[in-house]
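Q: Counting along the sequence shown from 1, when you hit position 78 you're at 77 in numbering that gives the first Met the number 0, and nothing is skipped either side.
In short, the hints are calculated from the structure, not lab data. There may be inaccurate statements among the hints.
Claimed, not checked - The list that follows gives simulated cross-link-like pairs (lysine to any residue, SDA-like), each with its CA atoms no further than 25 Å apart:
1) Lys130 with Asp65
2) Lys115 with Asp53
3) Lys121 with Asp32
4) Lys130 with Asp83
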Amino acid sequence: MDNEAGPGGTAAARLGFEDGQVVMELGWDDDTDQELRDQIEEVIGSAIEDETYDGVADAVLLWWRDGDGDLIDDCVDALTTLADKGFVLLLVPKAGDPDHVEAADIQEAAQTAGLKVSSTTKAGENWLATKLVQGGQSKQR
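Using the sequences provided together with the hints, build the complete structure.
A: And the structure:
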């Protein structure tokens, strides 16, 4: 994980996290980037909530790997607790990893779930982060 502040501060701040936000996490496993998680908690000023959280979240971290199931379903699940102006940060293994997810698959899943891709950036050494915002055109499945 790049600890350099650079333009926009830490990686967590550049990804759109702010002090006071409630962040929920889905898809955590032992391969997730703990340093990124720590940075997010430092920026928001509290612990990241796990999948049992039933309140309203300002953002959802969705760690997803090829073979984890149905990305569309997981995007829809992420929306269930998301605030109206909240975002989903979809984290997938970087290109070249056997569990990498192609951008076209992310775009299709996001659009079908009613989300749209806002940006994609490197998030740590082994992950790519795609910010999904509400307002995409939902398709019938």
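Q: For each hint, tell me whether it holds in the structure or not.
A: Status of the hints after comparison with the structure:
no.	hint	in the structure
1	Lys130 with Asp65	holds (18 Å)
2	Lys115 with Asp53	holds (24 Å)
3	Lys121 with Asp32	holds (12 Å)
4	Lys130 with Asp83	holds (15 Å)
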